[in-house]
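Input sequences plus hints: build the corresponding full structure.
The listed protein sequences derive, respectively, from chains A and B.
Note that our numbering numbers the first sequence so that position 122 is 137, with each residue one more than the last.
Note that our numbering numbers the second sequence so that position 126 is 141, with each residue one more than the last.
Hints should not be assumed to be uniformly reliable.
Copies of the same chain look alike in the list, so a pair counts if it fits in one copy or across any two.
Okay, derived cross-link-like pairs now, BS3-like style, lysine-lysine, Cα gap no bigger than 30 Å in a straight line [what the hints assert, rightly or not]:
#1 K222 x K211
#2 K166 x K177
#3 K219 x K177
#4 K198 x K134
Keep in mind that the hints were calculated from the coordinates and are not lab data.
Number of protein chains: 2
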Amino acid sequence: MKKTAISFTKKTTHSRKNSYLSRLWLVLLLVAGGWVTACGPQSEKEAAKTENNIPMNEEELMRKAIALSIENVANGGGPFGAVIAKDGHIIATGVNRVTANHDPTAHAEVSAIRAACEKLDTFDLSGCEIYTSCEPCPMCLGAIYWARLDKMYFANNKDDAKQIDFDDSFIYDELALPLSERKLPAEILLRDEALKAFQLWREKTNKIEY
Amino acid sequence: MKKTAISFTKKTTHSRKNSYLSRLWLVLLLVAGGWVTACGPQSEKEAAKTENNIPMNEEELMRKAIALSIENVANGGGPFGAVIAKDGHIIATGVNRVTANHDPTAHAEVSAIRAACEKLDTFDLSGCEIYTSCEPCPMCLGAIYWARLDKMYFANNKDDAKQIDFDDSFIYDELALPLSERKLPAEILLRDEALKAFQLWREKTNKIEY
Numbered sequence: 016m017k018k019t020a021i022s023f024t025k026k027t028t029h030s031r032k033n034s035y036l037s038r039l040w041l042v043l044l045l046v047a048g049g050w051v052t053a054c055g056p057q058s059e060k061e062a063a064k065t066e067n068n069i070p071m072n073e074e075e076l077m078r079k080a081i082a083l084s085i086e087n088v089a090n091g092g093g094p095f096g097a098v099i100a101k102d103g104h105i106i107a108t109g110v111n112r113v114t115a116n117h118d119p120t121a122h123a124e125v126s127a128i129r130a131a132c133e134k135l136d137t138f139d140l141s142g143c144e145i146y147t148s149c150e151p152c153p154m155c156l157g158a159i160y161w162a163r164l165d166k167m168y169f170a171n172n173k174d175d176a177k178q179i180d181f182d183d184s185f186i187y188d189e190l191a192l193p194l195s196e197r198k199l200p201a202e203i204l205l206r207d208e209a210l211k212a213f214q215l216w217r218e219k220t221n222k223i224e225y
Numbered sequence: 016m017k018k019t020a021i022s023f024t025k026k027t028t029h030s031r032k033n034s035y036l037s038r039l040w041l042v043l044l045l046v047a048g049g050w051v052t053a054c055g056p057q058s059e060k061e062a063a064k065t066e067n068n069i070p071m072n073e074e075e076l077m078r079k080a081i082a083l084s085i086e087n088v089a090n091g092g093g094p095f096g097a098v099i100a101k102d103g104h105i106i107a108t109g110v111n112r113v114t115a116n117h118d119p120t121a122h123a124e125v126s127a128i129r130a131a132c133e134k135l136d137t138f139d140l141s142g143c144e145i146y147t148s149c150e151p152c153p154m155c156l157g158a159i160y161w162a163r164l165d166k167m168y169f170a171n172n173k174d175d176a177k178q179i180d181f182d183d184s185f186i187y188d189e190l191a192l193p194l195s196e197r198k199l200p201a202e203i204l205l206r207d208e209a210l211k212a213f214q215l216w217r218e219k220t221n222k223i224e225y
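Listed below in structure tokens is the structure:
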């Protein structure tokens, strides 16, 4: 510890300046690298379109989502990818990182929605469309409704997902059942006390509704 | 810039040591502050229980979720709060931060699940229960299934949420409809190409299933 501290204090202003410059370059490289990673590999045709700001068509956007799903298997994630686009231009992409990130909500669609909202600085993606390599599970479909996306395109369906042991189909079946018949135990508690928050919300004048 | 660099290099090893110590204190204070904020205010009885490591009962845990939902209205969020507990001890809490964080997926339950998974370093919350101030919407209910929570308790229901203009009930109705009858337009594209990712997943030997 002491040695590090001493060697650090020995740096001259000049070498520190160089150090700042090299850090700046590193940051720029990382940002550029992150951008390339976020957009993923593209076909030459797609790359040319992106470069020339030409909108991609529906099949090209779906091929991008599929390519992400295939890459993600090699990268230790689930076989799912999603793209959010506006007027044929990709706003953001997402892949399934549930096990990698220890986040059961990190499905491709949810990840893409979060990334698109961050990029556009909004919680409302009206005017955008989602291309997902597999029919969304109820969690992701819910997220698509809350994000107000205009349309969804999907490739694999929930029965295909069931064939490789994903629970999408099971969760759809559960949601269709009345509370008392579901596998997940549920209990209602203290509704009278909880209604106070809803009354406060109703009475609030300067709220942002959504 | 130069001035800062020079004054920094003039520090002695001793003062740097002090600086490290004060930074360490600052980090500890921030961590402690974060913990207190994450747990939010408690009644005296709850605080005493937490201090003595005595498990809270179902009603106390739900009251905590309700208190969070009430506070959140004052803090510019939606009227929703959630608590994830294990053996009567709070693991993590969450509130609705959709508009505040520009994240349509930042519902109380999803936020609590993410926080609990981060805390326990897992994507599987088996053995935990969720207490939410309102019946989960399909997105959150889906997240509860994916997180493998043992049980859910809720207070307000989806019809109460409808009364204050939240779309929970509408989304439940939509999910129950066949694809072609939903308000959200949907289109199937390139399924044959997308199946490749599922085949790769099936053939992969070292995958983490979930």
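- Query: Does the structure break any of the earlier hints, and which numbers would those be?
  - Reply: When the structure is compared with the hints, none of them turns out to be violated.
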